[in-house]
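Visitor: Listed below, chain by chain, are the residues.
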Amino acid sequence: MLKITNLSKSFGEKKAVDDLTLHIRPGEIYGFIGHNGAGKTTTLKSIAGILRFDKGEILINGKSIVNEPIECKKMMAYIPDNPDIYDFMTGIQYLNFVADIFGISASDRQARIKKYADLFELTSDLAQPVSAYSHGMKQKLAIISAWIHEPKLIIMDEPFVGLDPKAAHLLKGMMREVCDNGGAIFFSTHVLEVAEKLCDKVAVIKGGKLIVSGTMEEVKGDESLESVFLELED
Amino acid sequence: MFKALFKKQFMEINRMYFMDNKTGKIRSPKAIIGFICLMLCIFVSVGFAFVGIGMALADPLYYGQIEWLYFAMMGMMAIAVGVFGSVFTTYSSLYLAKDNEFLLSMPIPARHILTVRMITVYLSSLLYSALVWIPAVGVYTQRGYMNAERMIFCIVIQILISAFVTVLTCILGWVIAAIAGKIKNKSIVTAIITVVFMGGYYFIQFRLNSFLRLFAVNGGEIAEKIGKTIRVWIYPMYQLGLAGAGNARAFAIVAAMTIALCVICYAVLSASFIKILTTNKGAKKTEYKEKSVKTASIDTALIKKELKRIVKSPTYLINGGLGLIIMPVIGISAIIKRDDLSAILEQYYAQGDFFKNAIPVIVASAICLVLSMNIIAPPSVSLEGKNIWILQVLPVGAERILRAKRRVPVILNTVPALFCAIALGITFGIDVAEFIAVLAVVIVYIFFNAAFGLFLGIKKANLGWTNEVVPIKQSMAVFIAMFGGMGIAGAVIAGYYFLQAIPAWTYLSCVALIFVPVTLILNRWIKYEGAEAFRAL
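Sequence lines, in order, name chains A and B. Just add 6 to the spot in the first sequence (first one is 1) and you have the working numbering. 483 is the number that the working numbering gives to position 497 of the second sequence; each next residue is one higher, with no gaps.
There may be inaccurate statements among the hints.
What the hints assert, rightly or not - Derived lysine to any residue pairs resembling SDA-like cross-links, with alpha carbons at most 20 angstroms apart: (1) A/LYS121 x A/ALA133; (2) A/LYS80 x A/GLY33; (3) B/LYS445 x B/THR127; (4) B/LYS277 x A/ARG118; (5) B/LYS372 x A/TYR92; (6) B/LYS280 x A/ASP114; (7) B/LYS290 x A/ASP93; (8) A/LYS144 x A/VAL167.
Because the hints were derived from the structure by calculation, they are not lab data. Note that the structure is predicted; figures quoted are calculated from it, not measured.
All chains, full assembly: derive it from the sequences and hints.
Guide: Here it is, written out as structure tokens:
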């Protein structure tokens, strides 16, 4: 589903991502952990086609994000760490805008908006301007807009930040559902308990370099993910 | 703390003019000097308009021994221009800055935030009012009517006028903020208030021109009448005039009144500033009701998105769409005042053929000039700001996004511009061939204006703003697009002056033909290099 090979990206002298190679298969929830500034967001933005990278290759279902960005973007969704959404639109206007870009039919979008907005208890707020939304509401709106075209690959940067416990629980269920239907999810998080319980595989990045990756068992063995992470960081 | 706040405010302004958006570093000394020179050129060229007014008034009022009237009238103009120039930024600068919440969350007294913001408004007021006052003083000096005492008074009066303008704009901004806090559709109300204000300004300008014409014919009587009106109805302006003419007592009164007004304004604003910033109680929640959805194509969705951004932002709406209002107003006024205009034209026609022949060129150029005031495309790239990620992750090419941004001004400008052209064509009795040439220039210019604006918008893109006024009003792209467009419109008339042997329709057809390849080159640049630059933002 997602194949990252020898990805490198520098900002001036600083190497943000250094020769990173990862392979995420259909059905996998892949966690991406690392300290602040480790290179997680740079990697995720590179996959989403927001950031150009210096070296390496990113393939989504065999298509290169560099050579076929539109085809790749049709298959995936991206949720940033800070959901800055058009504040001149209402929630429903934003969802319709995204649905129009993805060419979602009226009936499909209505059904999906209703399903996810009801789930996140956002339906009554959809006519409100986004400027009136709280951070959590914007995060919910970003999640709904990401799910609206039923992507095969979802890239998320700290998706649980700002969500209430119920919404976080719902999101975990939705993530599992995507993967059960043959999709894949690659997300960064600092909440190691969530990563430990939710992820099939995990990758740890430090200073732009991949330190370790593999199934949860391979990475942590009998220890907790937190203790492994802290050891690796040292 | 205050120093840090002040520094932050100026960093924001400096960032626009003196920093390279891509590298985040200070521009080269050459670029900074070039920019300052450009600003000075514009300042001087705008100021020259007021030099003309000053020249018309200075001698008769000096010899008529009513010098105070000269300073009173120029002072009123300085105040009007100052308020007109600053009022649009005041509301958003004072109350809508994106870092308001951040600053309020810090241990900073609200009055300090207000003070720093007011200083920015003051500088804006100073800049605009100086456009009138400096030429006014300059003319008086050139005529040899100025002495040292008057000069000192006039310099201080400039400072006082700017302070008074700041008070007026702050009051207006406060009124808008107070209303906006209680209503749902803030942008429309703000836009209406602004348009009413602008209408008032243009009415005064129109009356001023009429006054100058009358004054040239019958100066003494008019001056006496105006002087009496000012003394009776706007006594502070009488005092201002006396102060400018060197009356120390009047100067003290003006200074005391201005300072008192500033203190009262500051006290009132600082008492309500935090309340206005933290109040959002008026807007009633709109309940979402599910209804049938209309799907749209990608291009339509992108265009609708751009239009929503314009409609929902009063700053963008007013600054970007000023000409959209002006063009129909010109057209309707021309039809209503057709007989008056014809009478005026006959007087000019009697002076020679040039004016008669040049009418189609003047009409085309005037419409191009107004179109140049519609700064819609230049800020559209920078306005993506922190939302840029949305367009970057959606499966839509950058060239398509830019095409939508280019189409929006074309869609908005076409009908008002054509209406204006038709109305003026009928009013001035332009013949068919000339009229077709006028339409050709107008239509081609609409496309050129959009492409040129977007080209500048991409080249000078800045996504790191905290207040939308920065990309809409204070960006180099907007600056060049507006004044460059005006310059081009002026060049169209100037060109005809030198080529008047050519029939107007031939000249205009050539102008249209020159615009076509330039527009095509710009469009091609936007499609390839522009799209590449947009992707790299």
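Visitor: Run every hint past the structure and note whether it holds.
Guide: We went through each hint and held it up to the structure:
no. : hint                : verdict
1   : A/LYS121 x A/ALA133 : holds (16 angstroms)
2   : A/LYS80 x A/GLY33   : holds (18 angstroms)
3   : B/LYS445 x B/THR127 : violated (43 angstroms)
4   : B/LYS277 x A/ARG118 : holds (14 angstroms)
5   : B/LYS372 x A/TYR92  : holds (9 angstroms)
6   : B/LYS280 x A/ASP114 : holds (12 angstroms)
7   : B/LYS290 x A/ASP93  : holds (14 angstroms)
8   : A/LYS144 x A/VAL167 : holds (11 angstroms)
Of the hints listed earlier, the one the structure fails to meet is number 3.
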